[in-house]
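Enquirer: Next come the chains, spelled out residue by residue.
There are 2 protein chains.
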Amino acid sequence: MTAELSAILAANQEFYEAFAKGDLARMDRVWAQRAPVVCIHPGWGALTERAGIMQSWRNILGEGGAGIRAVGPRVFRYGALALVVLQEMLPGGMLMATNGFVQEDGGWRMVLHQAGPLSAIAEEPPSPARN
Amino acid sequence: MTAELSAILAANQEFYEAFAKGDLARMDRVWAQRAPVVCIHPGWGALTERAGIMQSWRNILGEGGAGIRAVGPRVFRYGALALVVLQEMLPGGMLMATNGFVQEDGGWRMVLHQAGPLSAIAEEPPSPARN
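Residue numbers (the numbering used here), protein chains in the order written: chain A, 183 to 313; chain B, 183 to 313.
Source of the hints: derived by calculation from the structure; they are not laboratory data. Treat the hints with care, as some may be off.
Covered stretches of chain A (chain B as the covering partner; in silico rule of three or more C-beta atoms under 8 Å from a C-beta of chain B) [unchecked claim]: (1) 225 to 231; (2) 287 to 296.
Anything over 10 Å on all C-beta distances counts as not near chain A; from chain B, calculated [as the list claims (entries may be wrong)]: (3) 191; (4) 205; (5) 263.
Note that the structure is a prediction, hence the values are computed from the model and not measured. The C-beta atom is built at its ideal place from N, Cα and C for all residues, glycine as well.
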C-alpha cells in the first residue's frame with residue numbers, strides 16, 4: 183500500500199473514530215476548512231454549509247458515540263479528490279457510504295459524506311428496485 | 183453561469199434524460215470509459231466495475247423509463263472532479279443523489295452516482311436519526 187493510500191484510509195478511519203467516540207472536536211478536525219463540503223445523512227437533504235454540517239454532528243454525537251464500524255473501505259482517485267466507498271455497520275443495520283477527501287494543510291480532509299440504507303449485503307442483487 | 187458549469191449541468195441532465203427515457207445506449211455514453219466508476223443505487227451495495235454498472239442499468243431501464251426528474255442541482259468543484267448534488271423526484275418518492283463527473287475526450291462523463299431515500303424535504307431537520 184502506498185503512503186498516500188494509507189493516509190487517505192487513515193483520514194477515513196479518523197472520521198469513524200470521532201463518530202464512534204462521539205468526539206465533536208475530533209469530528210471538526212476531520213472536515214475541510216476551505217474546500218466546499220457536502221454532507222448527506224441517511225434520509226436527510228444535503229447540508230452544504232460547514233456550520234450546518236457541524237451542527238448536525240453536534241446533534242448526532244450529542245446522543246453519545248455510536249457503535250459504528252467501517253467495513254471494506256475502497257479508495258478511488260480523481261486528481262485532487264479521493265473517494266472512499268465502504269459499508270457502515272451500526273447496531274440498527276448497515277449503510278452504504280461514500281466519503282470524499284482532499285488535501286488541506288498537508289493532510290486529507292473530508293469534503294463529502296453520503297450514507298444511505300443498505301437493504302442487502304449482496305453487491306449485485308439480481309433485480310433492482312429503483313423506487 | 184460559466185460555460186463549464188453549463189456543461190457539467192448538461193452532462194447531469196443527460197443522465198436523467200437517458201434514465202427517464204429508458205435509453206441504455208445513451209446511459210452508456212453518459213458514463214466514463216477510463217476513469218474509475220462507482221454506482222450505488224438505493225439500498226444496493228457499491229458497483230465499481232463499469233460492466234456491472236451497465237448491467238444494473240440494463241435491468242433498471244429494461245422495466246421502461248422512469249418518471250424521474252432532477253430538482254435543484256448544485257455543482258461543487260474539486261479540481262478535475264465535479265459533484266452535482268440534487269433531489270430526484272420519482273413517482274414513488276424522493277431521493278437525494280450525488281453525481282460525480284470528470285472530463286474524458288472533451289466531455290464531462292459520470293464517475294459517481296449515489297442515490298438514497300429522502301425522508302423529508304426539509305434541508306435541516308431538527309433531530310437527526312442516524313440508525
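Enquirer: Each of the hints needs a verdict: does it hold here or not?
Expert: Results for each hint:
| no. | hint | verdict |
| --- | --- | --- |
| 1 | 225 to 231 | holds (count 6) |
| 2 | 287 to 296 | holds (count 3) |
| 3 | 191 | 16 Å, holds |
| 4 | 205 | 15 Å, holds |
| 5 | 263 | 4 Å, violated |
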